[in-house]
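Sequences listed follow chains A and B, in order.
Just so you know, we're using this note's numbering here: the first sequence kicks off at 3 and counts up by one.
Just so you know, we're using this note's numbering here: the second sequence kicks off at 234 and counts up by one.
No lab work stands behind these hints, which were simulated from the structure alone.
Where hints are given, some of them may not hold.
Below, in silico cross-link-like pairs of lysine-lysine (BS3-like), each with a Cα-Cα straight-line distance of 25 Å or less [what the hints assert, rightly or not]:
hint, chain 1, residue 1, chain 2, residue 2
1, A, K299, A, K239
2, B, K237, A, K155
3, B, K237, A, K138
4, A, K155, A, K378
5, A, K299, A, K378
6, A, K243, A, K54
Selected chain B positions facing chain A (in silico; Cβ < 7 Å) [stated by the list, open to error]:
hint, residue
7, S242
8, E289
9, A293
10, A322
11, S325
12, A339
13, K344
14, Y389
15, P391
Cβ atoms here follow ideal geometry from the backbone N, Cα and C, with glycine treated the same way.
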Amino acid sequence: MTGKTQNADPPNEGTVAVGDKGRTAQPRVGGGSPAWRLDLLAVIPGLRWLVKRRWLQFAVVFPNLVFFYLFLIAGVFGSPVGNRNIIIIFVWILWWFLLITLMVPFASRVWCTVCPFPFFGEWLQRGALIGTRVGKPGVGRNRMFGLNLRWPKALSNIWLQNFGFLGLCTFSVALVTRPIVSVFVLGGLFVVATILHLVFRQRAFCNYVCPVSGFLSLYSMTSMLEVRSKEAEVCSKCADKGCLAGNESGWGCPWFMYPSRMDRNNYCGLCTECLKTCPYDNMTLRLRPFCSDTRIKGYDESWKAFIMLTLALAYSMTLLGPWATIKDWANASETGQWGGFALYAASLWMSALCILPGVFFGSVWLGRLLGGGAPKPLKDLFLGWSYTLVPLGLLAWIAFSFPLIFVNGSYIISVLSDPMGRGWDLLGTADFKWTPYHPELLAWIQVPLLGIGLFFALRTGYRFAQSRFGSTRSSILGFSPLAVLLTAIACGFLRLFVG
Amino acid sequence: MNWKIEIASALLVLLSLVAAPAWVLHVESEAAAAHEASPARVITLTAVAAGGIWTEEEVAGHNYWRRQPEPARTVVLSGENVVIRLKSADVSHSFSIPELEVGPVAVEPGKVSVVRFVAPAPGEYLIQCSTRCGPCHEEMLGTLVVLGSGETLADYPPGLLPPRTKCPNHGSAAHSEGGDR
Ligand code: SF4
Ligand code: SF4
Ligand code: SF4
Ligand SMILES: [Cu+2]
């Protein structure tokens, strides 16, 4: 398997030892209230039965596949006007909104459970839609088709996704206004996913290529849902290791995780296979506090956090801010201002890849100096503290997404009746008009959201400082430069949102 | 593996790949049929602000960005019932044929507006847009050619109407047929 799964670093917080049923208290490094977990399979009747059904994933992916197929048809044959075409309204407005405000914070990577892009690839790879196979050749104990190559070690990180996502987002205006661009991008995801599934083993595409995956992995760290093993004891005695290697009941983890040892949400696609394969029912689905995974494992993940925060700022400026010039630059495919676009793109990439990381590094460096004590490895501080950008970035994105849905809400209703913008009226809502909304109400949603983001950023940052600096005084001193930076960023968003 | 279930679900997937476009075609043909009142000539015109034209061509996601459609020279027979379905490929337009006192009718993206009239005496009539849709709105290209009995389009060579020259986007399209952006 890949290097991503087994990493011997001690976690920042005590999330390794896991309890079994119901709420279990756990000690936390650096104080604070003990973290709780709620075993959903134990408390929700029928859920255990459901996640053990082999047809579960097919049953949720298939309808989604049909929808995306129709979206693609609408993109090609429907109206070229973005807000009259379902591919734009449903994918970039509704899907994005649900993803960032509900799925990621509350249900981790549940989108990946229902996502249709790897459908054909996985079907070909497994030779099955619902059932499982054991035997050779394959992966682990599972019989699998295709070349089943290992993904190159050098690319076993999320850098590809970082650049892919930044690249896509540079052209976001074309993406959200021109249906055909979305067709190429979404159709491309289907094609590339299918090809990569035939060449590489399991979900190499999802783990290392899919541009959506990068921010799902990063932000799912905050999520209140997790798949984890229950008792380490049971796993250490287990000879089957079905969660890893697969067996008659299911496929070994398609996401290259060793589910039994999993201690972060990042690369678990919630496919529910390990819940099916574990012969001891030792894997489960749990509710947990917000921001429970706090360990960033590499620079690729830190940079994802920088990129996402920068994009949130850039979009807030272009879409909500008062600067018409920047808007025109970002929208070069309509305005033809390609010179301005080059400037916009260059400053976007510079800020995301150099300026924000540079400023962040400066404050970490200063913090190390102020905190005093024995010299601490900069890399450890940099990675550890870069987690603070995760809650801040996620909540900034959520706050940013509310106006989107308010402004475009009426299109969602009307496009339901006329998905292709061809004058249909399937449900009688084609002429639906949004009742004028009150922009001043939005601020009441956005400001608390930003506040929550800043709170979690400061809290996790301070706790990390405590774990590294020890005494309260030096923790406060050490964290102060970064705390100032985080607060400044939050204030910047506040200005953009409230004006 | 339970082969019956595998095959059934595979069939379901393949079926849906065919059924989805079939359903789309079905709904579209019903929507178009709703505007027909027999006997009538039904014509669909799409307004494109970027090029400043009315066109009989289908303008959809897949071709909008690639090329400029041909300006319409819509041909009908004198005395015929005419139904024109009006669409927009981009912004709000409005459709009128001032000489025939047809319209103005608002044309919105994502909607189909309909005008009905009886084709008048033979001749070539200008189609106009009276909503500020873009730099070419005053001179959106498009005409209605009404043929008398025994006439063909050859009886109406291009150039009967004064050339429309104010629009920066028309390029060669104002003078010849079609042309690229
Ligand atoms: S990683 Fe990407 S392609 Fe894979 S399931 Fe998630 S969203 Fe879909
Ligand atoms: S199969 Fe179950 S018991 Fe065995 S290692 Fe995996 S999770 Fe633990
Ligand atoms: S097998 Fe388990 S750990 Fe692996 S992706 Fe699926 S749900 Fe997550
Ligand atoms: Cu017009």
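Legend entry - Minimum beta-carbon distance criterion (7 Å), A322 (chain B) to chain A: For A322 (chain B), the interface hint holds, since the closest Cβ of chain A sits about 5 Å away, which is under 7 Å.
Legend entry - Evaluation of the interface hint that places S325 (chain B) against chain A, nearest CB under 7 Å: 11 Å, violated
Legend entry - 25 Å Cα cutoff - pair K237 (chain B), K138 (chain A): 23 Å, holds
Inset, instruction - Decide if the proposed pair is consistent with the structure: K155 (chain A) and K378 (chain A), CA atoms, cutoff 25 Å inclusive. - result: With a Cα-Cα distance of about 29 Å, the restraint between K155 (chain A) and K378 (chain A) is violated, given a limit of 25 Å.
Legend entry - Hint check, K344 (chain B) versus chain A [nearest Cβ-Cβ separation less than 7 Å]: Holds, because the Cβ-Cβ distance from K344 (chain B) to chain A comes to roughly 5 Å (cut-off 7 Å).
Legend entry - Hint consistency between K243 (chain A) and K54 (chain A) [alpha-carbon to alpha-carbon, up to 25 Å]: 17 Å, holds
Inset, instruction - Using Cβ atoms only, decide whether E289 (chain B) comes closer than 7 Å to chain A, and label the hint accordingly. - result: Since chain A brings no Cβ nearer than about 16 Å to E289 (chain B), farther than 7 Å, the hint is violated.
Inset, instruction - Starting from K299 (chain A), check that the Cα of K378 (chain A) is at most 25 Å away, please. - result: 17 Å, holds
Inset, instruction - Compare the distance between the alpha carbons of K299 (chain A) and K239 (chain A) with 25 Å, and conclude whether the hinted pair is satisfied. - result: Distance ~28 Å between K299 (chain A) and K239 (chain A) Cα, so the pair is violated.
Inset, instruction - Have a go at the P391 (chain B) hint: is there a Cβ in chain A nearer than 7 Å to its own Cβ? - result: Violated. Min distance 28 Å.
Inset, instruction - Would you settle whether the hint for A293 (chain B) is holds or violated, based on the nearest Cβ-Cβ distance to chain A being less than 7 Å? - result: With a minimum Cβ separation of about 5 Å from chain A (threshold 7 Å), the hint on A293 (chain B) holds.
Legend entry - Satisfaction of the A339 (chain B) interface hint, Cβ to chain A closer than 7 Å: Constraint on A339 (chain B) not satisfied, violated at 12 Å.
When each numbered hint is compared with the structure, violations occur for hints 1, 2, 4, 8, 11, 12, 14 and 15.
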